[in-house]
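Asks: Position chain V relative to chain W; hints supplied.
Sequence lines, in order, name chains W and V.
For what it's worth, my numbering labels the leading residue of the first sequence as 1, then goes sequentially.
For what it's worth, my numbering labels the leading residue of the second sequence as 1001, then goes sequentially.
None of these hints come from the bench; they were simulated from the model.
The structure presented is a predicted model; accordingly, all values stated were derived computationally and were not measured.
Nothing false has been slipped in among the hints.
Below, simulated SDA-like cross-link-like pairs (lysine to any residue); rule was C-alpha separation at most 25 Å, straight line:
#1 Lys1330(V) / Leu1291(V)
#2 Lys1045(V) / Thr1064(V)
#3 Lys1349(V) / Glu87(W)
#4 Lys90(W) / Tyr1470(V)
Coverage of chain V stretches by chain W, computed from C-beta distances (three or more under 8 Å per stretch; other residues unrestricted):
#5 1027 to 1039
#6 1054 to 1066
#7 1354 to 1363
#8 1468 to 1480
For every residue, glycine included, the Cβ atom is placed at its ideal position computed from N, Cα and C.
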Amino acid sequence: MAGPEENVEPADRVQPVALNEITNLLGALRTPLLREVLVQLRPGNPVAGCDSECICRGGMCGCNAIVSSYEKFDLVSLPEYQRLREERIKELREALSRLEGDG
Amino acid sequence: MRVSGYVISHSLPDPRFWILAHGYTGALDKVPESVGRLLMENRGKDLTATQTRELGDRTVEHLTARGYLTRMSAEAERDALIEIATTLHEADLADSPTGFMFIPAYTCNLRCPYCFQSHDMHAGRDGYDAILTPELVDRAFSIIDRLHDAGAAARLTGLTEAAPDPRPSSGDICLFGGEPLASGTRTIVAYIVELASRRGKTVSAITNGVELDLFFDVMGPGRLEEVQITLDGTAGLHDSRRIGPGFRHTFDRISANIDAALALGTRVNLRMNVDATNAAEIEDLGEYCRLRGWTDHAGFFAGAAVVTGETTRKNLITPATLTWITTSLKDRAGWSFAGYERPAREFVKQCLEGEGYPFKRIANCAAETGLLIFDARADVYSCWEDVGVRSRRIGTYDETGLHLEGQVMRRWLSRFPGAIEECSRCPYALIHSSGCAKHAENEHGTMFASACESFQQYFPTTLALAYDAYEATLLGRPIDRQARSDLWPAEPESSMADNPGRSLGKVALPWPVLKRT
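Next comes chain W alone, as it looks inside the complex (with noise of 0.2 Å):
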């Protein structure tokens, strides 16, 4: 049994960061969510308003996947994509700062 004392955090201690949000993968195993949790927004699925008539030709909204495969944003459209990065970014370097300050 562990004593009291092993509970105690040092209060030096380095704390790993998240650099992103995992989905509930692990409690969707062997149910029928898996498949939802897997295989959303893939390529190929049009989302974010994309027509598929875009000139990037799913360079940027993830429409074409054989086009796209060298530099795709991602699977959003591009202001959509801007918006999503910027916040990201926002949140990442603050972990990070946060993480250098502790290191």
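Replies: Then chain V, alone, in the frame of chain W:
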């Protein structure tokens, strides 16, 4: 508490930290060096009470929530990996459009010494002199019209019951050979481009580019829209490798054809086939691309790939060596041919900027979700490394349609990491997707085997480099080139080449060139 068998980790250029990834939860974390090292040294093993205590409660809680520490047994984890892989595979089969290629001819105007195809084929001997006819193209397009929907190939082979996707499928039709763009194929290629264009499909070609000038009238957006062209070094070296009857010096004319293709709006994917004899030219050819103005062009992409040695076992280098060269050059010169670092770069980007689960697809190539390659002898293949070898065809085509032979295509569509024992236990299973089926078969006698091709050696390092570059951009800090270079191992676990004593010229490898065993 066990360390998951699917932990991936590597030190970062800042030695205080490691990058940590999980091979099926898709987690990506930056952790203190002691944590990264502990997890890697104990991957798949139980942690002792002392080790758990030293991590501390908060860290254990964090690592458990992310999947790095688990109460699952090794077998339970493998079952989870198989279930995830199977779900992704089924989705791949259901929503991947069928891929289509044409082989206008097996003949070739070059005789490159390392080519995996035979030079008898390229000379047109033994029945390889056939050129695709308009009748055969018409028959192929009638099959394309029926099978281009997402999931059509899997439905044809009884591997999915998913309903056809009602959305229109555009897509690309690729030309391969022999040499698809030569004087003898001009008329039939123009016909293919015309029929594809009428259906809203574009055409691409894997070509040596020697006679590309004969095809300018069918090139440009919406027509022959992308070409993959090979230059194997600067003029002197290229002209010693890329030679053929009537074409002794091909470098200058290929360069002129690349200029013209870009001006016509056709994208150019420049390929360099690399072995020990030309690895030292990567930097010089990159500089040539820059001086020629190609690297400033939005439609230009350059990638290097190793010569895989189907016909020659000499002078080979591994993907790990090539990736070390390309990533080091990029750090030093700001630009380089892409090597095999793309999976790591895309994984980092998908984790940090993407939505949902980062592992989107599991098929290693189009052959595993449905690829029909129509040749000039009315045969159909699934893999371009098989074309022309009748014992490897998946079927034939005629005026009545496609005739598949037995279960061959079904076998292609059944390959995925969950179906391969060693892959289902591998932390890289959902990233490397078992590698090339053809290379696995060459090595192991069955496509239901892995084709690792040194992926385990270079992926963790490229992951650390890709993350470091991303973070440097994010925080506006410079990269530490020396620290990045030091991430590569002093000596990899296995051999790098089979030709001891060969120099890679001015490229100083971080490890010796060893003999293949």
